[in-house]
Amino acid sequence: MVESLLRVVGAGKRYPGGIEALRGANLVIERGEFVCLIGASGCGKSTLLRMIAGFEQASDGEVLMYGRPVEGPGPDRGMVFQDYGLFPWLTVRGNIGFGPAARGKPKAEVARIAERFITMMGLERFADVYPHQLSGGMKQRVAIGRVLANDAKLALMDEPFGALDAMTRERLQEELLAIWRATDLSVVFVTHSLEEAIYLADRVVVMSPGPGRIVAEERIELMRPRDVSSPEFNVIRRRLGALLHADHAREAA
Amino acid sequence: MSATVETGAAQPTLADAPSLRMVSRRPLALVLPFVLIGLWWYGTADRPDGLIPSPPAVGIALWDLAFGGIYDDAFSQMLLPDLIASASRVYGAFLLAAVVALPLGMLIGRLEIVRNLLEPTLQLLRPIPVTAWLPLSMIVFGLGPRSAFFLVALGAFYPILVNTVFAVRSVEPRLFEAAQMLGVSPARLFPKVVLPASLPGMFTGLRVGLGFAWVVIVVGEMTGVQTGLGAMIMDARQLSRTEIVIAGMAVIGLAGFLSDLAIQALGKRLLAWSPLHG
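Chains as they are written, first to last, in this note's numbering: chain C, 1 to 253; chain H, 1 to 278.
One chain only, chain C, in its complex shape (with noise of 0.2 Å):
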């Protein structure tokens, strides 16, 4: 059997002072796949993502990236952050070079890499640009590019189009999937829009907070493009929103 891309089993996330962050998390990735994780604040969402980064450990349970446990930050996860964290000091082509110029590639090669990825996300026209110079969707863009550029295997999103006006998280969207499908990317991405996570993933993962546990999963079978308007995709929409809306019922009682 073909070892999955990721597996996390069992995971959980105790903060000192007794917070549960996360409960009992158990997710498997498979290559090329596009996974989104929806839930309400605090369900543990984004702490899962951070342990599958590597930038928090899991108290309990493990999380491994082809059978091994990760045990730190590496290039193999790329993140993109809600809030970009470019760095400013860098141009579009020095922020997008900046991990194979980090692992010791040679001169030559980070500059044609980071030509290509500047391409691929429509970026030729800022290549010289410093960040603060660029807008949200632009600098998500940086932001994306930069993991692409880096070789990731699995992108990892902290609802990456959260601060985007809806036009341009749509343009986004479409630019990401169409990249996604390009490539063998995987991608984790973390939402609390159920039309966004609907209309991108293969596979919803429905998490609930107190304390944050992973309550459904379900597969997305509709063909892309997706229609956000169309009957299938409401009635897939009705049932992930009442497993959603049921946990804020039951918290309200």
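Hint data in this document are derived by calculation from the structure and do not stem from the laboratory. If you're wondering where the values come from, they're calculated on a predicted model, not measured in any experiment. Please note that a few of the clues may not be correct.
Stated by the list, open to error - Computed far set for chain C versus chain H, every beta-carbon distance over 12 Å:
#, residue
1, 109
2, 218
3, 237
Said to hold, decoys possible - Now the in silico label distances, taken between C-beta atoms and shown as ranges:
#, chain 1, residue 1, chain 2, residue 2, range
4, H, 195, C, 174, 33 to 41 Å
5, H, 190, C, 59, 25 to 33 Å
6, C, 103, H, 91, 35 to 43 Å
7, C, 2, H, 115, 45 to 53 Å
8, C, 215, H, 270, 51 to 59 Å
9, C, 165, H, 42, 55 to 63 Å
10, H, 103, C, 112, 33 to 41 Å
11, H, 268, C, 221, 51 to 59 Å
12, H, 257, C, 127, 37 to 45 Å
13, H, 270, C, 242, 54 to 62 Å
14, C, 217, H, 126, 56 to 64 Å
15, H, 195, C, 230, 46 to 54 Å
16, H, 187, C, 193, 35 to 43 Å
17, C, 235, H, 187, 48 to 56 Å
Said to hold, decoys possible - Here are a few chain H residues that face chain C, going by a calculated C-beta distance under 7 Å:
#, residue
18, 174
19, 177
20, 178
21, 180
22, 181
23, 182
24, 183
25, 184
26, 196
27, 273
28, 275
Ideal placement from N, C-alpha and C gives every residue a C-beta, glycine not left out.
Starting from the known structure of chain C, arrange chain H on it as the hints suggest.
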């Protein structure tokens, strides 16, 4: 994928703004100096016995300081040598302060053990004014230029240190995460992230420090040095040559101002990426 980018950068309209700003800002900046000189002139005109000399008297003194030919006394033509003496002390002491304060600030900012070891003592010494160090400095370093150098360096030291500590401590944690997930090992975070990210803050410290070096140059040159604008002002004061005192003040102000413009221009060049400096 499509590579169209109408929702582009927020820059084009700013491109021609600086030149516009310069034009409208310069005349505005001259209003206050003219008003002050006008008031000074009005207050001192027709009072030959007044203690404060009038602007023309200071202007004549300045001319004589620069070129001689009017009074031809001990002060004549001394402006350039005094200016050079002071400027070399200011820049020399500033460089010394920077060479000590920048690395020290980085260590205090990043290493808890160094912070705990040094910061309380340094903070305790910080409020002591440079003027108060004058007697002790003259005992330790003797009368003359070494004492002056020490005092000016002390004046420049704390702004650089404090800003550097703050700069390296306030690097956004997100940038460490970004660098690590791109393959930077913890040991290399300092050169790859901390150093570049804190350059604007350090630069601010250098700018303030250089300004302070000019501020304390007169105190520094109260240590019995023979040359320098501070020494000139002290000598003139003892001889009640107030017009030379004021001329010296004007030259220090102008020199510090030009020096600040120069370092700002340097910052604009080197830190084009920073919204604060670029």
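Index of numbered hints that the structure contradicts, given in increasing order: Violated hints: none; all satisfied.
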